[in-house]
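Assemble the complex: chain A is given as a structure, and chain B must be docked to it using the hints.
Protein chains: 2
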Amino acid sequence: MESWPPGGSGPAEAGRRLRGLRGADLAASASLLSGAGAEAGCSAPAVAAVLPAGGSGERMGVPTPKQFCPILERPLISYTLQALERVSWIKDIVVAVTGENMEAMKCIIQRYQHKGISLVESGVTRHRSIFNGLKALAEDQPNCRLSKPEVVIIHDAVRPFVEEDVLLKVVTAAKEHGAAGAIRPLVSTVISPSVDGCLDHSLERARHRASEMPQAFLFDVIYEAYQQCSDYDLEFGTECLHLALKYCHIKAKLIEGSPDLWKVTYKRDLYAAESIIKERISQQICVVMDTKEDEEHVGHRLEEMLKNELNVQFLDYESVPFGQKMENLMQIREFAKQVKKRNILLYGLLVYYPQDEQKLQESLRQGATIIAALIKERNSGLIGQLLVA
Amino acid sequence: MESWPPGGSGPAEAGRRLRGLRGADLAASASLLSGAGAEAGCSAPAVAAVLPAGGSGERMGVPTPKQFCPILERPLISYTLQALERVSWIKDIVVAVTGENMEAMKCIIQRYQHKGISLVESGVTRHRSIFNGLKALAEDQPNCRLSKPEVVIIHDAVRPFVEEDVLLKVVTAAKEHGAAGAIRPLVSTVISPSVDGCLDHSLERARHRASEMPQAFLFDVIYEAYQQCSDYDLEFGTECLHLALKYCHIKAKLIEGSPDLWKVTYKRDLYAAESIIKERISQQICVVMDTKEDEEHVGHRLEEMLKNELNVQFLDYESVPFGQKMENLMQIREFAKQVKKRNILLYGLLVYYPQDEQKLQESLRQGATIIAALIKERNSGLIGQLLVA
Numbered sequence: 001m002e003s004w005p006p007g008g009s010g011p012a013e014a015g016r017r018l019r020g021l022r023g024a025d026l027a028a029s030a031s032l033l034s035g036a037g038a039e040a041g042c043s044a045p046a047v048a049a050v051l052p053a054g055g056s057g058e059r060m061g062v063p064t065p066k067q068f069c070p071i072l073e074r075p076l077i078s079y080t081l082q083a084l085e086r087v088s089w090i091k092d093i094v095v096a097v098t099g100e101n102m103e104a105m106k107c108i109i110q111r112y113q114h115k116g117i118s119l120v121e122s123g124v125t126r127h128r129s130i131f132n133g134l135k136a137l138a139e140d141q142p143n144c145r146l147s148k149p150e151v152v153i154i155h156d157a158v159r160p161f162v163e164e165d166v167l168l169k170v171v172t173a174a175k176e177h178g179a180a181g182a183i184r185p186l187v188s189t190v191i192s193p194s195v196d197g198c199l200d201h202s203l204e205r206a207r208h209r210a211s212e213m214p215q216a217f218l219f220d221v222i223y224e225a226y227q228q229c230s231d232y233d234l235e236f237g238t239e240c241l242h243l244a245l246k247y248c249h250i251k252a253k254l255i256e257g258s259p260d261l262w263k264v265t266y267k268r269d270l271y272a273a274e275s276i277i278k279e280r281i282s283q284q285i286c287v288v289m290d291t292k293e294d295e296e297h298v299g300h301r302l303e304e305m306l307k308n309e310l311n312v313q314f315l316d317y318e319s320v321p322f323g324q325k326m327e328n329l330m331q332i333r334e335f336a337k338q339v340k341k342r343n344i345l346l347y348g349l350l351v352y353y354p355q356d357e358q359k360l361q362e363s364l365r366q367g368a369t370i371i372a373a374l375i376k377e378r379n380s381g382l383i384g385q386l387l388v389a
Numbered sequence: 001m002e003s004w005p006p007g008g009s010g011p012a013e014a015g016r017r018l019r020g021l022r023g024a025d026l027a028a029s030a031s032l033l034s035g036a037g038a039e040a041g042c043s044a045p046a047v048a049a050v051l052p053a054g055g056s057g058e059r060m061g062v063p064t065p066k067q068f069c070p071i072l073e074r075p076l077i078s079y080t081l082q083a084l085e086r087v088s089w090i091k092d093i094v095v096a097v098t099g100e101n102m103e104a105m106k107c108i109i110q111r112y113q114h115k116g117i118s119l120v121e122s123g124v125t126r127h128r129s130i131f132n133g134l135k136a137l138a139e140d141q142p143n144c145r146l147s148k149p150e151v152v153i154i155h156d157a158v159r160p161f162v163e164e165d166v167l168l169k170v171v172t173a174a175k176e177h178g179a180a181g182a183i184r185p186l187v188s189t190v191i192s193p194s195v196d197g198c199l200d201h202s203l204e205r206a207r208h209r210a211s212e213m214p215q216a217f218l219f220d221v222i223y224e225a226y227q228q229c230s231d232y233d234l235e236f237g238t239e240c241l242h243l244a245l246k247y248c249h250i251k252a253k254l255i256e257g258s259p260d261l262w263k264v265t266y267k268r269d270l271y272a273a274e275s276i277i278k279e280r281i282s283q284q285i286c287v288v289m290d291t292k293e294d295e296e297h298v299g300h301r302l303e304e305m306l307k308n309e310l311n312v313q314f315l316d317y318e319s320v321p322f323g324q325k326m327e328n329l330m331q332i333r334e335f336a337k338q339v340k341k342r343n344i345l346l347y348g349l350l351v352y353y354p355q356d357e358q359k360l361q362e363s364l365r366q367g368a369t370i371i372a373a374l375i376k377e378r379n380s381g382l383i384g385q386l387l388v389a
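Sequences listed follow chains A and B, in order. The opening residue of the first sequence carries number 1 in our numbering; numbering runs sequentially from there. The opening residue of the second sequence carries number 1 in our numbering; numbering runs sequentially from there.
Keep in mind that a hint or two might mislead.
If several chains are the same, the list does not tell them apart, and a pair holds so long as it fits within one copy or across any two.
[To be verified] In silico DSSO-like pairs for lysine-lysine, Cα to Cα no more than 30 Å straight-line:
| # | residue 1 | residue 2 |
| --- | --- | --- |
| 1 | Lys376 | Lys307 |
| 2 | Lys106 | Lys246 |
| 3 | Lys376 | Lys337 |
| 4 | Lys135 | Lys115 |
| 5 | Lys337 | Lys307 |
| 6 | Lys359 | Lys340 |
| 7 | Lys148 | Lys307 |
| 8 | Lys267 | Lys307 |
| 9 | Lys340 | Lys278 |
| 10 | Lys337 | Lys359 |
| 11 | Lys340 | Lys376 |
| 12 | Lys359 | Lys341 |
| 13 | Lys376 | Lys278 |
| 14 | Lys263 | Lys135 |
| 15 | Lys148 | Lys251 |
| 16 | Lys148 | Lys359 |
| 17 | Lys307 | Lys340 |
| 18 | Lys341 | Lys307 |
| 19 | Lys115 | Lys341 |
| 20 | Lys106 | Lys307 |
| 21 | Lys106 | Lys135 |
| 22 | Lys307 | Lys135 |
| 23 | Lys376 | Lys263 |
Note that these hints are calculated values from the structure, not bench results.
Here chain A stands alone, though its shape is the one from the complex (with noise of 0.2 Å):
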């Protein structure tokens, strides 16, 4: 099983980025993107992210802030900066931690090797995190590496499987209508309390949406809107679609997002993106066979069988002699613990196959749960171990 490589990009990653718009389309807006760098004569970026990262996670009932939860032993805001740094127009990442988590931010950009990221201290408000990390983009700061870029993007750092054409969407928008965020159908009915904890009123559920991220502003607007307002919105203000209406007039375009939008925020969350990403990532399988006259004879007879289980792409298949019995189960072992370092989990499948087709069916049939079993669950406590069927 191969695994979703830090910072690589294969063709089934460009598949997967591309998903849910057209090739063309993409390709012809990505290009207008680039262009409208180009017009206005300057090399500087023309599309930067803001990603607010210094809440605690309270909701998750948990001790680590919900952006450093690892999932598949890797925290989640990396996964996160995956998704923005393959995006290939966002040209700069602005990171707001806390100056607690500064370190151990720092540890997991080197660790995952993500790049064009910038750490700036968080407020003790998703605003004025907000706020900070658009101060690092705006040209008036001194010593600043950074570029004041033509359109921003906010998002989440507990979103990690946004995508690109959504990106695309709502910079694009933002380009025209000076900001853009995307939305979702609101799963329960919103309602409002009196204050005695009774029902007031009910909200129609049609007629309202969830925002949700990622949101973009043309720089100038968002900024400008976040220099005028009040103390009271910086506090306790939760949306940045808001103070662009109240402060400079723009309504922002609404953008149809896809559920993979929604945000982490409680234990289930967890699990559900582990789950999410472990189907992502264990696409590919590599078979390794002991002797080549049997490939065709089981390996394809198994390929067949796990196509109606799952989406997996096999890679290869390889033959490779083994010795003795013992010495094959301590070379799978030692092997196994090998490959794991590059992300590889290997197991070891012993198929009996008897000359009795009923049994070598039985055998085969055995053969694929276990494999699509290991596949699915992704679970590294079992590598090395020789399983048989």
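Frame of chain A; chain B shown alone:
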């Protein structure tokens, strides 16, 4: 690993039910509820529940309606029914399903031995389905084996983690106020779009809540509301509390619910539900050793290591004398197949323990990792395998 027994209710279950409310409070309130029926001088049930389950699950992006989606091979609705059945003071549960799914629902009831369930045909909308459920409970229906409850709970088939304490709270509040419902803080800001797809205004998040389930009503209140309400309400409305307010002028009491009350809506919610269920059911482990003398030496040290990783109750140590090696393997696989039918997952683990203390420590740690992985993933594809630590 023991199963979450269908219909069974051990001390661990009772403990879980009482979570979040002190036992004495719960007992007192529960007896208050039973008392109400007795005072009225009738043996009729005081509380019934209606579950609309006619949805098509189109948001899930899968062909099976979400309430019938399997989680660990069992349909989601069966977990929800189990959660309601465990509450002794809920006498009847009326489930509204489409004619198309009526037979499937009957099979689920039989397969998982659900008791006290009545089925009615759902309507084309949520409100029409609930109304059909209420009609079945109303006294004026001919040939009906159900009796009219004093209070009716309305819950969703796709919220499987409802606890007794919140059910009790909404029922108690409904008796006092006429209507009550669970609420949760909003995760996202709610906005109102204008007709051109731009932001009209955003709602202050702190002043609004998401209306969740369960809700409870004096039966006469909600039945009256449904009898009075317009076709427009039945067709496009989604909120029962709104109907009680609009047609009976009852301001529902709002009860803060736990995050676990969320509605399984998207595919990611199925993943989250599966992880939560795995976590809940895999809390008991039975270690079977092959020789008595090793019990303390290895078993207890393994137990200590596992306690750091998992919240697991060690049920028992059993000593089973195994025979020859190959026979062991076959014995384990055959036995695993047998006990799988009782929802017990059995795996073999060969712990290599050398004299060298450091190597032993490493071997035990490896064993603990494997056991933890098996418990966490609850993977039935790997039952009967002999793993090596």
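Hints, verified against the model:
1. Proximity of Lys376 to Lys307 under the C-alpha cut-off of 30 Å is found in both arrangements, the shortest distances being 13 Å within a copy and 26 Å between copies.
2. In the homo-oligomer, the alpha carbons of Lys106 and Lys246 never lie at most 30 Å apart, since the shortest distance is 36 Å inside one protomer and 56 Å across protomers.
3. Proximity of Lys376 and Lys337 under a CA criterion of 30 Å is satisfied in both settings, with 20 Å inside one chain copy and 21 Å between copies.
4. Within a single copy, Lys135 and Lys115 get their C-alpha atoms as close as 20 Å, which meets the 30 Å cut-off; across copies the closest is 63 Å, which misses it.
5. Taking CA atoms no more than 30 Å apart as the test, Lys337 paired with Lys307 passes in both settings, with 28 Å inside one copy and 25 Å between copies.
6. Within a single copy, Lys359 and Lys340 get their C-alpha atoms only as close as 34 Å, which misses the 30 Å cut-off; across copies the closest is 21 Å, which meets it.
7. In the homo-oligomer, the alpha carbons of Lys148 and Lys307 never lie at most 30 Å apart, since the shortest distance is 49 Å inside one protomer and 53 Å across protomers.
8. Taking the closest pair of Cα atoms, Lys267 and Lys307 come within 30 Å of each other only across two copies (21 Å); inside a single copy the shortest separation is 32 Å, beyond that limit.
9. In this homomeric assembly, Lys340 and Lys278 come within 30 Å of each other (Cα to Cα) both inside a single copy, at 15 Å, and across copies, at 26 Å.
10. For the identical chains of this complex, Lys337 and Lys359 are inter-copy neighbours only, at 17 Å across copies versus 33 Å inside a copy, given an alpha-carbon limit of 30 Å.
11. With identical chains, the CA atoms of Lys340 and Lys376 are at most 30 Å apart both within one copy (17 Å) and between copies (20 Å).
12. For a Cα distance limit of 30 Å, the shortest separation of Lys359 from Lys341 across copies, 22 Å, qualifies, whereas the shortest one inside one copy, 38 Å, does not.
13. Taking the shortest Cα distances, Lys376 and Lys278 sit within 30 Å of each other both inside one copy (7 Å) and across copies (15 Å).
14. In this homomeric assembly, Lys263 and Lys135 come within 30 Å of each other (Cα to Cα) only inside a single copy, at 25 Å, whereas the closest approach across copies is 40 Å.
15. For the homomeric pair Lys148 and Lys251, the shortest alpha-carbon distance inside one copy (23 Å) is at most 30 Å, but the shortest distance between copies (52 Å) is not.
16. Within a single copy, Lys148 and Lys359 get their C-alpha atoms no closer than 68 Å, and across copies no closer than 58 Å, so neither meets the 30 Å cut-off.
17. Taking CA atoms no more than 30 Å apart as the test, Lys307 paired with Lys340 passes in both settings, with 25 Å inside one copy and 26 Å between copies.
18. For the homomeric pair Lys341 and Lys307, the shortest alpha-carbon distances inside one copy (28 Å) and between copies (27 Å) are both at most 30 Å.
19. In the homo-oligomer, the alpha carbons of Lys115 and Lys341 lie at most 30 Å apart inside one protomer (22 Å), although the nearest pairing across protomers, at 52 Å, exceeds that limit.
20. Taking the closest pair of Cα atoms, Lys106 and Lys307 never come within 30 Å of each other, the shortest separation being 41 Å inside a single copy and 33 Å across copies.
21. Proximity of Lys106 and Lys135 under a CA criterion of 30 Å is satisfied intra-copy only: 20 Å inside one chain copy versus 62 Å between copies.
22. For the identical chains of this complex, Lys307 and Lys135 are neighbours neither inside a copy (52 Å) nor across copies (48 Å), given an alpha-carbon limit of 30 Å.
23. Taking identical chains as interchangeable, the C-alpha atoms of Lys376 and Lys263 lie at most 30 Å apart whether they share a chain (24 Å) or sit on different chains (24 Å).
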